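Chemist: Assemble the whole structure, with the sequences as input and the hints as a guide.
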Amino acid sequence: MSTVSLDVPAIELRGLVKDFSVGLRGVKLRAVDDLSLRVPAGQVFGLLGPNGSGKSTTIKIILGLLEPTAGGCRVFGVPSAQVEARVDVGYLPESPYFYRHLSGRELVRFYARMCGLAGAKLAPRVAEVIDWVGLTEAADRLVGTYSKGMLQRIGLAQALVHDPRLVILDEPTSGVDPVGAAAISELILQLKAQGKTVLITSHLLTQIEDICDRVAILDRGRLILEGAVCDLVGGAERQALIVEKLSPAELQELRGWLGLRGRTLEAVAAPRARLDQIFLERVGRGEAKNPEGGV
Amino acid sequence: MSGVPFSLMRVLLIARNTLLEASRQKLLSFLLVLALGLVGGAQSFREFNFGASELKFLADLGYGAMAFFGAALTIAATAQLFFSEIDHRTALTLLAKPVWRAEFMLGKYLGVVAVTAVFCALITGLLVAVLWSRESTLLRDIPDSFAQGRTLRIVDLGLAGYLQWLKLTVLAAFTLLVASFSRTQLFTVVTGFFVLVICHLQYLARDAYAQGGSTFAQVAAGLVGLMFPNFQLFNFADNVGAGIPVAWDRVARVSVYALGYVAAGCGLAIFSFRKREI
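Protein chains in written order, with the working numbering: chain H, 157 to 451; chain C, 180 to 457.
Derived by calculation from the structure, the hints in this document are not laboratory data. Given the structure is predicted, the values throughout are model-derived calculations rather than measurements. Worth double-checking, as some hints may not be accurate.
[Claimed, not checked] Pairs of lysine-lysine residues, derived as DSSO-like cross-links and limited to a Cα-Cα distance of at most 30 angstroms, are as follows:
no.	chain 1	residue 1	chain 2	residue 2
1	C	K205	H	K304
2	H	K304	H	K348
3	C	K454	H	K184
4	H	K277	H	K348
Modeler: Take a look at the structure:
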């Protein structure tokens, strides 16, 4: 394990640039453009942006899978090009595809051994993470028979088996049903409670808003917005009161009451339940650990 | 310098996983069954008289099947098992762990080498059984032709199989080198077969180099002779079939020769794969 100080950010990008050569003439396509970012340790950080905005390229550079054209990237203070930078990192790729000829347990065991786990600690740790993602019953089935949600779960297990300090989740809810997405959110919050840093990309902005401490928004490879979620979505200066339906007279009376105090009633609307909340209530979060469904 | 040392354990884990994956592939199993079927059924061809002794014919057929199907298996397995990692993005997950790219490449290589070892061992074992059985029958039926006893030696049959396998390990290293920079599996397979043909005909380039000619032709022939190994050196089947003992010093020299080309092929493959964008 790395012995880097906790003051060191989990990820630090400085002036990162990545160009790809396209076609026979080698035309340059800039995927990441002068990106500078710090992901503090112990936070859940959302990396947002439309398709092709450079999120996955940035993640690959962080993991040392791509070499930046310019700029630098450090993971817990170690340059990402070094193998050592990946010792404390767990990674769940987008739409994960694993060795179909292995069972779930064999797969997690394989990755655990690749990360240096061995001896008496190996089997209990593998069983522990498999249980944590709710796949104990299906652990001895071949990965080739797993559903999409189960693949995401076994992917999480392999990412966490060596107890990394930084977990990178690339679109973990892609193709997963709302129950599964909610289960992943819960797992991420548990990781945060354990003091781990989580870098997540997702198109489910509601999920990001619920679980992330900070977010960065990329567009065409450039950073266009970055900050704490609570600062970005606002709300500190405003409040919403939900009451039983008022008659027009009562509403007028309320406006008058507020007016006397120098306040204004900005909006009156009927609050609607969110469809995902209704879905989760009806389907039940308790089923999130069903091996066949969700995540 | 990174604090994560190169690990032989990780290489062997990747190799084991590659071997396991190969064992589940239908094409590779089909090639093995086809080769085993050809060698096992070789006795049914003995009615044909090609002017050579029957045992030599059986040995030629067996080692020929091993060479042909073994080459096809080696090229297909190397390309398939490498590109399955790239195309299915399992390499992404694997290389996101503290794993050196050299470990990944060597693991894939050793996995393919293990596949070819199983293939050659099975074919050689079956060939030995077929030849031994037929020789026993001939000894009983026409003892006058075997006045000095058995002509075939199991050790020599095994050595010939070992040298065929050694040739395949060189072919696997060169195919892996092509795969390391190739973008498609098809290109790798086609180029792998070109390499196979060049290596079998390499002795012609050496002859041309020795006989002289224009400077350009000499340089080109010299380069081909140096860059590509001579696969004819690995062929001991003729001797074995004719009952001529295999010289151990020759086996040792060919082994060192093969090892040199394997090291060069794997080294270049690792160097080429070092910066590959996955």
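Chemist: Check each numbered hint from earlier against the structure, then list the numbers of those it violates in ascending order.
Modeler: none
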